[in-house]
Amino acid sequence: MDTLKVRDAKDVEQAVREAVASEQPLEIIGHGSKRLIGQPMATNAVLDLSALSAVTSYEPNELIVTVQAGAPLADVQSLIDSKNQQFAFEPVNTAALLGTPELGTIGGMIGAGLAGPRRIKAGGARDHLLGAHAVSGFGDSFKAGGKVVKNVTGYDLCKLLAGSWGTLAVMTEVTLKVMPRPESERTLVLRGLDAIVANQAMTAALGSPFDVSGAAHLPNSALRSSEAGGLGELGAGREALTLLRLEGITVSAAHRAAALAEALAPFGSAQILEDAASAHAWSSIRDVIPFAASGALGGAPVWRIVCPPAAGGALGEQLARDTGGDMIYDWGGGLIWAALPPTPDAQAGFVRRRVEAAFGHATLIRAPEQVRRNVDVFQTQPRGLADLSERVRLSFDPKTILNRGRLTRGPAA
Amino acid sequence: MAIMMPASDPAVLDRREAIVAALRAIVPGEGVIDSAAEMLPYESDALTAYRQPPMVVVLPDTTEQVSKVLKYCFEQGIKVVPRGSGTSLSGGALPLADGVLLGLGKFKRIREIDFDNRVVVTEPGVTNLAISQAVAHAGFYYAPDPSSQIACSIGGNVAENSGGVHCLKYGMTTNNVLGCEIVLMTGEILRIGGKAAENSGYDLMGIITGSEGLLGVITEVTVRILQKPETARALMVGFAEVEAAGECVARIIGAGIIPGGMEMMDKPAIHAAEAFVHAGYPLDVEALLIIELDGPGIEVDELISRVEAIAQGCGSTMCQISNSEGERNLFWAGRKAAFPAVGRISPDYLCMDGTIPRGALPKALARIRDLSKKYNLAVANVFHAGDGNLHPLILYDANKPGEMERAEAFGADILRVCVEFGGVLTGEHGVGIEKRDLMGEMFSEIDLNQQQRLKCAFDPQGLLNPGKVFPTLHRCAELGRVHVHGGKLAFPDLPRF
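Chains as they are written, first to last, in our numbering: chain A, 1 to 413; chain B, 1 to 497.
No wet-lab data here; the hints were simulated from the structure.
Note that the Cβ used here is the ideal one computed from N, Cα and C, for glycine as well.
None of the hints are false.
Now the stretches of chain A that chain B is said to cover, found in silico as 3 or more residues with beta-carbon under 8 Å:
no.	segment
1	249 to 257
2	325 to 335
Simulated pairs of lysine to aspartate or glutamate, DMTMM-like, Cα-Cα distance not exceeding 20 Å:
no.	chain 1	residue 1	chain 2	residue 2
3	A	399	B	447
4	A	399	A	140
5	A	121	B	294
6	A	399	B	478
7	A	10	B	447
8	A	147	B	447
9	B	71	A	387
10	B	228	B	325
11	B	68	B	220
12	B	68	B	17
13	A	121	A	183
Bound-form chain B, shown alone (with noise of 0.2 Å):
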């Protein structure tokens, strides 16, 4: 593998029966996996490409279990990479040959639902859909959609920060969580935040989401439920150039319209999916927009008319306009499906989530096709273009010598394109393993060594998801040094009054 884990420990390795026999006595019967054919199904997430076995499954099932094992681990100084569903894109839950793989799959109980404060108090091992579901029949659902909602957690959705195609007008998982139960890795449980609007004190349900699994592990959280819009209607508009659609993206901000969903594909992205699901995408245009408004219906049909029109402003070859939920959903239909589409026509793919500013799509998309020659593969791109959230889809084969590599290496080039336009390494997916060696295209050693102290504040011993976001690892002691200059410092210039 390419990328470099942190080095396994032997005299943890060499304990292991010691450390399975000591995790059964806090988790009985089922929840302790140390068999390898077992175990086989948690050697990766949905970055396929890495596979890891771990030294050993826990699957507790009440906070009390996981606060002991985590306290045990600590004091053993075990590291723990805690896991949801593992749907993760960037590696975040990654075992580690050394570490104890902690699943909150069991955590399946939706605890409340309480209508009056809008909120969800939910474990974590509940799916995304499961939320939306449960409060679907008094016109509920919980806002944040990524495409795995099927199966991926809501604690994954926490540690990742979650998207989704409706992110832009909704937010991301941060924007819709309240608060939550976290056991950091001493075993400590606390509860942080909870139905009001705001914490007291600092932040820390912000920086907990998005942590990628490093600073603590949820057992509960508290999230945002909305009402759903009455009604909501899409366009799916073509054009005979890249520029003219990401034009036609900045008119309709500019216009002060904030669609639900905006989402651009390009003529390899159109090609695939029309061929995979048939949504009567055309197939003669460079670029396509699927626009979804929602809201009232007299609210929606208004802002389609406008749309329409910026859109033919701007030149577009084609124009259809949704007039029933099954044509709707047949216009996402081919979107949703862009990623299987393209594995269809590609052995191997690699999903790239790179954020630009949204001006700069047309500028983006000429540098990636410029790659695309220089490394002989295949791309295909799919955007959630409201936000500049760019979803390069790179076509290899892993059988064939060197292209995985290949493959890896045109990524890291369209990521650092990404920061060079003021973006940043990703929107959505999280940093994880796979662009944790990226990092220091976007931040200074100063930059990281301030996050890492952070994670120090959670987790002083780093035993908690090491070798994931951070290219390099410092010890605590050596990032909370501060140097003093002996109160001699030149600062003569400062005006004083």
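Chain A on its own, in the form it takes in the complex (with noise of 0.2 Å):
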């Protein structure tokens, strides 16, 4: 297979003029780390965005730092880290549910768009890309949004390259929202709740004006393997967590645990951690731990299911109660990951029937490759939203260069 490392954007531009000449679809890639994700492609070309790897400008004041595609996420991670920011959207690191290398690009960030559970207080990765450079599906370079944070000059390009997994543009260059990384966290944690029960604490804890930056609940069966899902003492006891998020000054952060706290009693009593313990425990629920590829549950398709947050309970139970699969459910009930015992469909026809029951939808995250070969990876929409979405698609991309076949089956995309 043939494999561009380009240098700049003249190059990418360069290479997708050929692909649209010699009619070569090309697979986009940084490092390659999220490769397993989505629908198996027919490309024979692979545009590697590696090499474009440097950081172009990082003013903290500003609160944004502007990078090329290709820049490693680790890097730029700790960058903004020597300067106590973040980006709040926490991207999820896929390495350890897939088994695969601890990579990953910002493009990569961007593309795929996986945010952890300050989505519900920060957004997700779309509220942070302020601009982009990007090379179309015609061969040329365009600019998308600015490089400050209050901008309606024109369609927000932004929101529609974040999440399309390199099916419209070829991002070189992004620039990003940074926010300042909070003083302190505390992480109140309820035991022995089941998903219902759980999804009404975390509900609570939501409508609380304690600001929560996190909800997440983890069933007692996604505990058993031997690391307990990797949360150490914690998940030790192998009863359901529940967690809730604190985090802000020191004084804001601990008082508003206690308040929480009493908010939930009715729940139970609350354990309550501090800083580190905190951190590695949420750490563990955005790179989905408990369902690493290493682990008791490796070999499980594992789903990711974003539903209204107050039915993500009663789905989750459903749905572990139908197919005897594990779940966790982060964002309040709103994001669940659901490992499935293996089916050669991972159990997509069922999957997709509960959750479009709760206004929800499915992405098939993690499954060998015949099995996304059988099933529709992403969630189909409806005929004249599948349309639009196929319109808007080809106004970037008129001949399907980029990473043809990636978000839909069929002969077309």
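Put the complex together from the two separate chains, hints included.
Structural data, given as structure tokens:
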């Protein structure tokens, strides 16, 4: 397979134009850390952006960082961490879940748009992409957005690029919003709740004035592996855990943790984790460590289900009961990671029917290639919406050169 | 008018009577307005310098009616301009002489309040403030708060991606909407998103938000609601130099503090506001910051003292801290009344809306002062300092020949300065017609073509709100053409593996 290792935006333009001329679709990669996600593609050339790895500018006082799309995420994260800043949407590190090396680029982070627990408060990748330079399927470099937080000049193309899995344009440089890292964090731990009651506790917490920045529930079954889901001592009791995070300046986080514990007293008495212990628990949830490829559930296909948060508990209980699978709930119930017993279609039909009935949508985030060939990895949309999405895609990439077939099965795309 | 709008289609104007009759068949009774006198209130929005009576006004009250009106107009090749409350400051709802003005004012019902999912499902004609009022009893509110929030509609907020003084901490409209029902120009009704945090597929909600009524007509919106912070307190800090105030803003952010609001006013704005509302503003400072901290009392008290120390470190000449809601509201009263306050001291004013990187504030202000001398027009500046969004108010008198044109040229130069400093033409008011012809300062033709191609995916005939946002209109077929270079591209030096 041909791999084109591009050095700058001009190279990308040339590569795309050549691909258009020769009608050869391109697979767009940074480090390739998320290549196992999506429909298997039939591309036979790879556009490798990993050499576009420079930090163009970092201005902590402006709360922005501008980097080339191939910049290693870990490097950029440690750079902004040195100024006590972070990507507030907590990008998910999929390495443990997929069993791939600890890699990943900024472009992949945006293209996949997978946000962690703080999404309920801070928004997702789409809320942090302020501007981009990208090459469309026409082979033209274009600019979207700007380098300031507040901007309504023209269409907000950045929203489309985030989460588009490289099917609209090849991002070459992006400007991202960064936010101060909270001074302290506290996590309330409630034990032994079932998913429905846990969902109620999370709903109560998120409806409180205490500014909860994480609300997750791990049923005891998810903690059965020897490492107890990567939660260390916390998971050792093999009891279901309901976690609620409060962040901010120290006095405030401590005050709100105590107040929330009191408000949630009907759900049981809460243990309070501080700083490092709290951070460790949330990174396990963010990266779906209980379903790690190397763990007890490593062979199970994993669905990522997004639904109205108050419906999550009932939906997850139903899926667990009817499939024998395991669930992890995040976003107050609005995000369910479901690890199901393996079948040739990862129980796609069943999962989708249940999820759609709850007004949610499901992505098969981990499954063997043969399974991903057989099912729609991403949720199919109702006719009119699907047609509009396809017209939108074609407005960027009329010859379907970029990541052809990654999002949908079928001949066209 | 200085801005050229798309030429009227005489064939459409000739059919006006038949068109009105056809629209009456879709929207019965008083929902169709065609008399010149009754159409008067619709001939401009809040950019009142531009006026144009529409061909006819239609005020549907169901999604089906909206769909039928659009389908009819699509089939007949008639242009449509959507309108919410008409508070746009950029002319987004300026009618067209040969166009239907589609008002959403009858969509006034909140359809559902769902506290468990923390969302409100509402019709687009409901005002921004009414959403907050409807959930206030349970301690919730809708965060984006444009200063027109008493009047502006949520549908208009989505179309313009409206901001407000609190968007530094709580985001703009786009960060607070989850879903919508939208009617395309063809009449097709689509539902996008819902109560879940994310949509499936491409983020179409994200692209519709801020599309200025060019992509579709919104007939329902699902917004996030938040719990009101326990308390809020404000500081009023004066500086002898704008540079020191700018430095103070940078250091607050640098210290990891994101205030609920952080506003700056320059001397002319301070004087105008003080004369109007007597908020107790100091008259001997060059710049005044109003900084609001919100959250639990214990947090707010701590942050107030941190901010106060930072301000002192930056050489503040005065600092007052609110000790009651009354005092806090008084600090804000002057800022919130800044526009009408300026309106009192000048027959007319033009409000600009560029955004710059925060650090460029002092430089930008100096340039604005130079331009003020050059154009011989006074300017008062209010800024959303936290996010670098400038609102220079250019004072002029429309009755003096040439003065409005001079004010507009001055405004355009200010926006060029914003772009030169790495900023953008508009932070929250939208492009509309006002900044349309300046789009080329920020975007290349390729950039704009890509945006227009997206428009084609929604509205291939360009019938929905044409003449707004884009300085030049292209036919969709022309934009969609791919230039293939015969497979003979010179590409010898790219590393291959």
